[in-house]
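Read off the chains here:
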Amino acid sequence: MSARAVTPSRVVGTAALVIAVLGPFIFSSYTAHTLLTQVFWLGIAAASLTFLSAYGGMVSLCQISLFGIAGFVVGNTVTTGEVKGLHLGWNPWLGVLLGLVVATAIGLLLGALSSRSFGIYFLMLTVVFAVLANYFFGQVTILSGFSGISGIQIHTPGVIGNPNLHPNRLYYIALVTAVIVYVLIRYIGRTPFGIALQGIRDDPVRMSSLGYNISAHRTVAFGFAAFIAAIAGVLFVWWNDHIDPATINLDAVINLLIVCVIGGLYKLEGAWVGALAFVLINNYLHDTNVPFVGGSFYTVIGVVFLAIVLLSPGGLLGIWDRVVLRFQSAPVAAAGPTDEAPSTSHQGTT
Amino acid sequence: MSDSTVQAAPQGSRWSPEQASHYASRGIAGAAAIFVLVWVLLWAPKTTYGSAVSDPTDFFRTFLDSITFAGLLFVVASGFTLIFGLMRVVNMAQGSFFLLGGFIAYRLQQDFAHGGGFGLTSDQVNLWQWVLPAVIAAGCVGIAGLGIQQAFLRWNQGQDLRQALITIAISIILADQMLAHFNAGNAQSISWPGTLDRFVSLGFGGIQYSLARLFMLAVAVVVGVLLWLWLQKTRTGMVIRAGVDDRQMVSGLGVNIQLTFALAFFVGAALAGFGGVMGGSFAGLQVDVGGQWLLNCLVVVIIGGMGSLAGAAVGAILYAFVFNFSAIYLPTTSNNCCTEYSVVFTFALLALVLAFRPQGLLGRAG
Chain A
1 MSARAVTPSR
11 VVGTAALVIA
21 VLGPFIFSSY
31 TAHTLLTQVF
41 WLGIAAASLT
51 FLSAYGGMVS
61 LCQISLFGIA
71 GFVVGNTVTT
81 GEVKGLHLGW
91 NPWLGVLLGL
101 VVATAIGLLL
111 GALSSRSFGI
121 YFLMLTVVFA
131 VLANYFFGQV
141 TILSGFSGIS
151 GIQIHTPGVI
161 GNPNLHPNRL
171 YYIALVTAVI
181 VYVLIRYIGR
191 TPFGIALQGI
201 RDDPVRMSSL
211 GYNISAHRTV
221 AFGFAAFIAA
231 IAGVLFVWWN
241 DHIDPATINL
251 DAVINLLIVC
261 VIGGLYKLEG
271 AWVGALAFVL
281 INNYLHDTNV
291 PFVGGSFYTV
301 IGVVFLAIVL
311 LSPGGLLGIW
321 DRVVLRFQSA
331 PVAAAGPTDE
341 APSTSHQGTT
Chain B
1 MSDSTVQAAP
11 QGSRWSPEQA
21 SHYASRGIAG
31 AAAIFVLVWV
41 LLWAPKTTYG
51 SAVSDPTDFF
61 RTFLDSITFA
71 GLLFVVASGF
81 TLIFGLMRVV
91 NMAQGSFFLL
101 GGFIAYRLQQ
111 DFAHGGGFGL
121 TSDQVNLWQW
131 VLPAVIAAGC
141 VGIAGLGIQQ
151 AFLRWNQGQD
161 LRQALITIAI
171 SIILADQMLA
181 HFNAGNAQSI
191 SWPGTLDRFV
201 SLGFGGIQYS
211 LARLFMLAVA
221 VVVGVLLWLW
231 LQKTRTGMVI
241 RAGVDDRQMV
251 SGLGVNIQLT
261 FALAFFVGAA
271 LAGFGGVMGG
281 SFAGLQVDVG
291 GQWLLNCLVV
301 VIIGGMGSLA
311 GAAVGAILYA
321 FVFNFSAIYL
331 PTTSNNCCTE
341 YSVVFTFALL
351 ALVLAFRPQG
361 LLGRAG
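Read top to bottom, the protein sequences are chains A and B. Residues in the first sequence are numbered consecutively from 1, following this note's numbering. Residues in the second sequence are numbered consecutively from 1, following this note's numbering.
Same shape as in the complex, but just chain A (with noise of 0.2 angstroms):
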């Protein structure tokens, strides 16, 4: 099992990060800028679900709400002359800081209170707190108000510029915000705070009786998760120009949930890929009408969504563990018994 090792996974992971890569000199601008760039900041906000999921299992519903949290601490700071928030006109930078840190430490907070729940208290408890921030924006019009908060796209860093202007640039700091995401996820599972985290996700009884603060770990993987889903935010402001209550709200956090499940809710990869499935499946069935029955896009999707986790938990990427794991053992069974083919199994266990 060495870490260079060349597995279907890894030819298709490197094969995705090249072609994205090259993607404003393959795709059209509309595939680039307004497809995969998407993938990229809502694979980010899903992988803040997934990472709590996978490292702590913990499924909370409110990483979107902490996403919005920091588009609206960018928006009201970083804009001027808007009607909508408090349009404070400050440095985008310093509104980018804000935001990550006012995100992070609602998630916190928020995850200090439900540090002491477990499983499905947990999932109801983070519903709960979605649906209250959905709201508060709603009501408080001083922040934000129901129409939201428009006009940001032209008090970005200058590095960004105006990214209706300099789509290539979002779409590259989009990618390798993205990729840092993952390899700082990736860090943070293998670090002694990792370890533990996975240890409590599996026993925390035995963990607490080994000395471990189960609350305060919890806590703070909350805490890093908000951060995570802040950085998509921030991301999100840029590239949609605009933010208002309805980005958040329950059918929002039921996408993002979504987008986790179709790719996998319990290993990091499946963000970006329940990401590009979403989007894709978003931007060409959203116009469908189902036959027979009725209904629109939404029954399609609910129908995919209930299909996933009947028939494969594992997401997407459970589909495609299967895929591997039945061609690799396929001929090492015809060539006898071997060592080789659990090898890659290891990464299938939830």
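Since the hints were made in silico from the structure, they are not lab data. Hints are not guaranteed to be accurate.
As the list claims (entries may be wrong) - These stretches of chain A come out as covered by chain B in the derived footprint (C-beta under 8 angstroms, 3 or more residues):
| hint | stretch |
| --- | --- |
| 1 | 104-116 |
| 2 | 120-128 |
| 3 | 131-142 |
| 4 | 308-322 |
All residues carry an ideal CB built from backbone N, CA and C; glycine is no exception.
Assemble chain B onto chain A, guided by the hints.
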């Protein structure tokens, strides 16, 4: 207010951390409660009505609004907590069941009352044209819930998260189907029957109050009493209570627990559907209302303690009071302050309960 207080650090105190946090929790919760009481009863400057002492009529009206809303909350949330307590299924589709019940009853009422069309007013609707649609709708939703439980949830027993995800998927599909078939994007309202849709004098300070809302409260009390009798006094109820404690042991004793599960899911879903009929008569139906009611259920059972019927009642009352009173007894000093921050108080209530009793007020630990 209450959210500005910080839990006392346990280090270096004479008490153990558990004791310290115990006393701190009682202290903070008590102080918050006293402050709120003093604020509402005696002080409340610059609010819509002023304090309760200066304007008892509006205070009493807000009180009645809260307790009747709590009744509706209880009906829907008791179904949720019944399902959760017995099967550990977090039914994220409870809000969709609520809507479905409302829309079915709306359709039936339109068909029954030939006065017809969209502008059905209460004097065109007699009592049976409300009760019959309500009962049929509750039954239909119960059957739909039962079908979903048998088709998707039964063979995933014990997998909490997966079951929750399944119900989320169901709720997405249901919401979209209701949009397609019930015109759920537009607000629609079930009509109260004419006998209920009027104001009655309560003989207190000349208050006229909506009979329909009092009816809602009465229904909630009846539902609560019936559920209590069912759970405490019948054999099925005994099995359910035993199942809440230890499912495996109950089925090991030869009880057909699957039948009990099915029954509980039917009742839980039907309660949501019936709640939807009342909610649709009281505040109208629209597809977003489903999410709102999911939130309501979750808040009520998280506060009250999951799986506990009495907890659902306590949670419903607390939530309804915080919800209504924070909207009315916050100062209205400017355009942006402060009634629009009322949602913060729902969060504060939740945070207070969770910080000190993660299992909910009447929930059992673990």
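Right, here's what the structure says about each hint:
1. Under the rule that three or more residues need a Cβ within less than 8 angstroms of chain B, the assignment of the stretch 104-116 of chain A holds, with 3 such residues.
2. With a cut-off of 8 angstroms between beta carbons, the stretch 120-128 of chain A has 7 residues touching chain B; three or more are needed, and the interface restraint holds.
3. For a cut-off of 8 angstroms, the count of residues in the stretch 131-142 of chain A with a CB near a CB of chain B stands at 8, and the three-residue condition holds.
4. Counting residues of the stretch 308-322 of chain A whose CB lies closer than 8 angstroms to any CB of chain B gives 3, so the stated coverage by that chain holds, three being the minimum.
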